[in-house]
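Asker: Here are the chains, one letter per residue:
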Amino acid sequence: MPETIADIRKVTKIYTLGENKIYALNKVSAKIEKGDFVTIMGSSGSGKSTLLNMLGCLDLPTSGKVLINNTDLSKLDDEGLTSLRRNNIGFIFQQFNLIQTLTAVENVEIPMIFNGASPGKRRKRALKLLQRAQLPPEYADHKPNELSGGQQQRVAIARALANNPTILLADEPTGNLDSKTGHGVMELLRELNQAGTTVIVVTHDPRMEEYSRTTIRLQDGEVVNENP
Amino acid sequence: MRIPDPLKNNMYAELARRNLKRQAVRTVLAAIGIIIGVIAISSMGILGNSLKLSVTDSFSDIGDKIIVSPVPGEDFITDKQVDQIKKVSNIESVIPVISGGEIVEYKKGGTTIQYYVAVYDIKKDDLDKLADLQEGRHFKPGSTECVVGSSIAKNLDLKLGQKIEIDGSNLRVVGILKERGLGFDINTDSGVFTSSEMYGKLYPDADEGYGTVIVIVKDIDKIDSVMKDIKERINKKDELVTVFATNSITESLDSVFKSISLFLMGIGSISLLVAGVSILNVMLMSTMERTKEIGIMKAVGASRRDILKMFLLEALFLGVIASTAGAILTIGGSYLIMSLLVKNTSYLFTLSSMFYVVEGFFFGIATSLLGGMYPAWKASMMRPLDALRYE
Ligand SMILES: Nc1ncnc2c1ncn2[C@@H]1O[C@H](COP(=O)(O)OP(=O)(O)OP(=O)(O)O)[C@@H](O)[C@H]1O
Ligand SMILES: [Mg+2]
Numbered sequence: 007m008p009e010t011i012a013d014i015r016k017v018t019k020i021y022t023l024g025e026n027k028i029y030a031l032n033k034v035s036a037k038i039e040k041g042d043f044v045t046i047m048g049s050s051g052s053g054k055s056t057l058l059n060m061l062g063c064l065d066l067p068t069s070g071k072v073l074i075n076n077t078d079l080s081k082l083d084d085e086g087l088t089s090l091r092r093n094n095i096g097f098i099f100q101q102f103n104l105i106q107t108l109t110a111v112e113n114v115e116i117p118m119i120f121n122g123a124s125p126g127k128r129r130k131r132a133l134k135l136l137q138r139a140q141l142p143p144e145y146a147d148h149k150p151n152e153l154s155g156g157q158q159q160r161v162a163i164a165r166a167l168a169n170n171p172t173i174l175l176a177d178e179p180t181g182n183l184d185s186k187t188g189h190g191v192m193e194l195l196r197e198l199n200q201a202g203t204t205v206i207v208v209t210h211d212p213r214m215e216e217y218s219r220t221t222i223r224l225q226d227g228e229v230v231n232e233n234p
Numbered sequence: 010m011r012i013p014d015p016l017k018n019n020m021y022a023e024l025a026r027r028n029l030k031r032q033a034v035r036t037v038l039a040a041i042g043i044i045i046g047v048i049a050i051s052s053m054g055i056l057g058n059s060l061k062l063s064v065t066d067s068f069s070d071i072g073d074k075i076i077v078s079p080v081p082g083e084d085f086i087t088d089k090q091v092d093q094i095k096k097v098s099n100i101e102s103v104i105p106v107i108s109g110g111e112i113v114e115y116k117k118g119g120t121t122i123q124y125y126v127a128v129y130d131i132k133k134d135d136l137d138k139l140a141d142l143q144e145g146r147h148f149k150p151g152s153t154e155c156v157v158g159s160s161i162a163k164n165l166d167l168k169l170g171q172k173i174e175i176d177g178s179n180l181r182v183v184g185i186l187k188e189r190g191l192g193f194d195i196n197t198d199s200g201v202f203t204s205s206e207m208y209g210k211l212y213p214d215a216d217e218g219y220g221t222v223i224v225i226v227k228d229i230d231k232i233d234s235v236m237k238d239i240k241e242r243i244n245k246k247d248e249l250v251t252v253f254a255t256n257s258i259t260e261s262l263d264s265v266f267k268s269i270s271l272f273l274m275g276i277g278s279i280s281l282l283v284a285g286v287s288i289l290n291v292m293l294m295s296t297m298e299r300t301k302e303i304g305i306m307k308a309v310g311a312s313r314r315d316i317l318k319m320f321l322l323e324a325l326f327l328g329v330i331a332s333t334a335g336a337i338l339t340i341g342g343s344y345l346i347m348s349l350l351v352k353n354t355s356y357l358f359t360l361s362s363m364f365y366v367v368e369g370f371f372f373g374i375a376t377s378l379l380g381g382m383y384p385a386w387k388a389s390m391m392r393p394l395d396a397l398r399y400e
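Same order as they appear, the protein sequences are chains A and B.
Just so we're aligned: the first sequence equals residues 7 to 234 in my numbering.
Just so we're aligned: the second sequence equals residues 10 to 400 in my numbering.
Take every hint as true, because none was put in to throw you off.
Below, computed lysine-lysine pairings styled on DSBU-like, alpha-carbon distance capped at 30 Å: (1) A:K71 x B:K387; (2) B:K187 x B:K163; (3) B:K301 x A:K27.
Keep in mind that the hints were calculated from the coordinates and are not lab data.
Since we're looking at a predicted model, the values are computed, not measured.
Please model the complete structure; the sequences and the hints are all you need to start from.
Answerer: See the structure below:
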């Protein structure tokens, strides 16, 4: 029996805007197995990012439970959530979210700094990861605003891999890229998945489905079907 | 647990440095606030301290003396009373002093210079206890020789062997005393010391006693008990003498200057307070601007403590750099002002003046840290998602 790495149990997330209650997620349940490649699909506003943020320990549900590695997130304090984010999860954002004051390689070093890695070691590893994410080495010392969108996304991927995460989360990683570059990114994710990382990708793009083994379809905050 | 690695902090330091550099103008403005605050606090302290030093320096007494003088109405202190004083324990020596004010006449070239001096009749051993000889020797008992104070020697341009005329008698200068400064006992700098016989000739109908008795105590801590003892012995029946400790003046001077320093530094503190508010403002703006960055840091594994550390380090950097600049400017500026206006910089490089510089330095850093505390705390408490969404 495969190991469950993320367990979502009747998760509801309600945003209250004045009188209005918005159910971003409504009693969503799903189990994600270790080593799986999952795509979360659905139209805009269906709650994909909300769900991914919860898996990334960036957000907590209004009700219901999220378990990562059998740990209930609601039972963790800041230190606990931080350590989970730091050691088990790699997050790739749609907007890249690189730190503008730092160079490409330093951005990749950041998670390792919080992990206490020595400067020499983390620099070496960061350069290796950039190479793995296929950023040409001459760009390692460039600041994010000197890089193209695709290059920035590669830096973001390298950063997500910094602490060797067991789960890699990506929120529309190809959304800001042309289809060819997007394809390259998806190939990279597949490669990582084949190496054993659990990959969860939010996407609009139906073509991305071909990479995944499992698809979670959301509509208005509810799971519409979950194919095996 | 993670072991804090000194090398790891390099990157925090690097981050702090870059963030300060990123907003160079704002950083400089905040630093100027701190610099002014540090300068204000330490220069006010130095000012108060220099005032104090310049006043206390002109007094020679360390305060180990007790002055016994007759109460108004009593003309002198009798030999019997002196004997009574001598019986008090913890006394090093008792020096009875007879003195009178005189005009000295001194012929120089064709003109006669007149100068007001105090003439003393003190035993030569006792004089040794009050002031040292600069040159020459002491007067011989029974002779017409005299020893003069340094300011007399200077003002009258006296050399050893010259003669001064007092009240028609000629006295030969055989010794000149070292400069001692203002005292509460007797003023040796403007005194003429001569033998009892000579003094008797000058003042044939002088009183049968002493004008003052100077008591030197063995141990300055015993000064109060000695004073009490003397009063008890002599003023048993009637109030005959007043007893006064020289250290009481230095003590009260000390407290006066302490309050002056405190007041001046209070003024300095206000400018540091303003600086603190400006740091608070700068750091608050910087946390707002970097909200998204904080969100990213948290998303990739920064804990609240890490964020807090980063922002506090930034405040610390700012504080240390600005305070160092402030301290250097204070020392440099004070040196310049003192050497130009007072032409004496010795008060600046004293331990007590430097203490105020150090104090200003640490106040500057503390202010910076305090100002940075709230913004740092606020940054650390941001929820990662809210921070990430912030535009
Ligand atoms: N901070 C918020 N405050 C209020 N409503 C929110 C907030 N975040 C999300 N929502 C609402 O929750 C719902 C789900 O949002 P979510 O971002 O998960 O959608 P999504 O599926 O990722 O959409 P997209 O594909 O456009 O990124 C939307 O209706 C959105 O308006
Ligand atoms: Mg989204």
